[in-house]
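Asks: Sequence:
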Amino acid sequence: LHPQVLISGAWSWPWVITRIRQAPDLTELSLFSLLTFWTPPTTARLTVETVPPLAAEGNDVLLLACNVPENPLGYAWHRGERVDNSQLIASYRVDTNVTAKGPAHSNRETVYPNGTLLIQNITQKDTGFHTLLVSKVDLETEGQTGHLSVLPTPVITSNNSRPWEHKDTVVLTCGAETRNTSYTWWINNQSLPNSTRLELSEDKRTLTVFTVTRNDTGPYVCEARNPVSVSRSDPFTLNVLCEWPRHPHHFPSGSCYHPEANLSLSHHTASNPSHTELFIPNITADKSRSYNCLVRNFITGLSKTTVKAITVSGKWPLAHQYQDLW
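When you line the sequence shown up against this note's numbering, it's residues 55 to 380, in that order.
To be clear, the hints were calculated from the coordinates, so they are not data collected in a lab.
All of these numbers come straight from a predicted model, not from anything done at the bench.
Don't take every hint at face value.
[Said to hold, decoys possible] For each label pair, taking beta carbons as the anchor points, the in silico distance ranges come out as:
#, residue 1, residue 2, range
1, G182, R147, 21 to 29 Å
2, N161, E277, 24 to 32 Å
3, G229, G182, 18 to 26 Å
4, H159, K221, 51 to 59 Å
5, Y345, Q244, 37 to 45 Å
6, A339, R251, 49 to 57 Å
7, T101, T181, 13 to 21 Å
8, Q178, F333, 42 to 50 Å
9, L317, G229, 47 to 55 Å
10, A98, R147, 21 to 29 Å
Positions of the beta carbon are idealized from the N, C-alpha and C atoms, including for glycine.
Hey, can you work out the whole structure from these sequences and the hints?
Replies: Okay, here's the thing in structure tokens:
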């Protein structure tokens, strides 16, 4: 046996799940032997054990069928605390080694020959009770219910979705709150900098940003770590409202163009979106005019305009004409 398989007479569950996930190198026969070897020969009452007891979204979980009656005819797993055919996940016949999927099957569940149920890539929807029904050789049935707890992926929430620059303070929270969990924060893919405007709560679950600026938009990421899992939130970006947009400027700085040149005017501000562009290919003389760029913040109602005069005149140099002839 693997030296780390048995610990004080019990299986090392992370090793079991890891071996299961390494299929197809783990054949059905070896998996059957592994799970059958674990089931203790006892006449105790049927029980269901969840391994691991807590798991984060995206991980795999085993619902172990313990103390299964001898020579069972088959198994049936249901969602919920009672046997309901509309909530049947799957049934398994021992004599034919055939699994039949039920209405509640999501293509992530597998029933093994000893009655154990594997659920892969668990989600919050898997949280709750699961009921095992064992058909015995005397044509009687025996059932037992187990509970699956799924730790949610952390999500960052803000107390202010549209803070004003240099005015508002924002409190970011890494949720949902769970026991025995530590939290870590990142800004712009880096650890939190030393700043008097940043403050963590005692449990580090909340991050306070005092008098936000346009440089505090993020993105922010939080990590939740507990004894059984580590998971990170999706990036979160603050939408900071500015009192007045920075003065827009245009590129290029030149204002005179030859006919058939390509004209590209770009406008840049410290806003979202940060810039827009006007592109006119093969410009002609009738495009000589003043081009106005209007910047408006529809939330604050503030606006600013910049004017750029463009002149189209003249002819291409003689060398360019010869090049065109060839």
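Asks: Is 42 to 50 Å a correct range for the gap between the Cβ atoms of Q178 and F333?
Replies: Because 47 Å falls inside the window, the suggested range holds.
Asks: A range of 51 to 59 Å was offered for this pair. Does it hold for the Cβ distance of H159 and K221?
Replies: Roughly 54 Å apart at Cβ, these two residues keep to the hinted range, so it holds.
Asks: Holds or violated: 37 to 45 Å for the Cβ distance of Y345 and Q244?
Replies: holds, 40 Å
Asks: Starting from the hint 49 to 57 Å, judge whether the C-beta atoms of A339 and R251 obey it.
Replies: holds, 54 Å
Asks: Take a look at whether the Cβ-Cβ distance between G182 and R147 falls inside 21 to 29 Å.
Replies: holds, 26 Å
Asks: For the hint 21 to 29 Å, verify it against the beta carbon of A98 and that of R147.
Replies: holds, 25 Å
Asks: Please test the hint of 24 to 32 Å on the beta carbon pair from N161 and E277.
Replies: The hinted range 24 to 32 Å holds for N161 and E277, with Cβ atoms some 30 Å apart.
Asks: Would you say the C-beta atoms of T101 and T181 sit inside 13 to 21 Å of each other?
Replies: The hinted range 13 to 21 Å holds for T101 and T181, with Cβ atoms some 20 Å apart.
Asks: Does the hinted range 47 to 55 Å hold for L317 and G229 at CB?
Replies: holds, 51 Å
Asks: Given the hint of 18 to 26 Å, is the C-beta distance from G229 to G182 inside that range or not?
Replies: holds, 20 Å
Violated hints are absent here; each numbered hint is respected by the structure.
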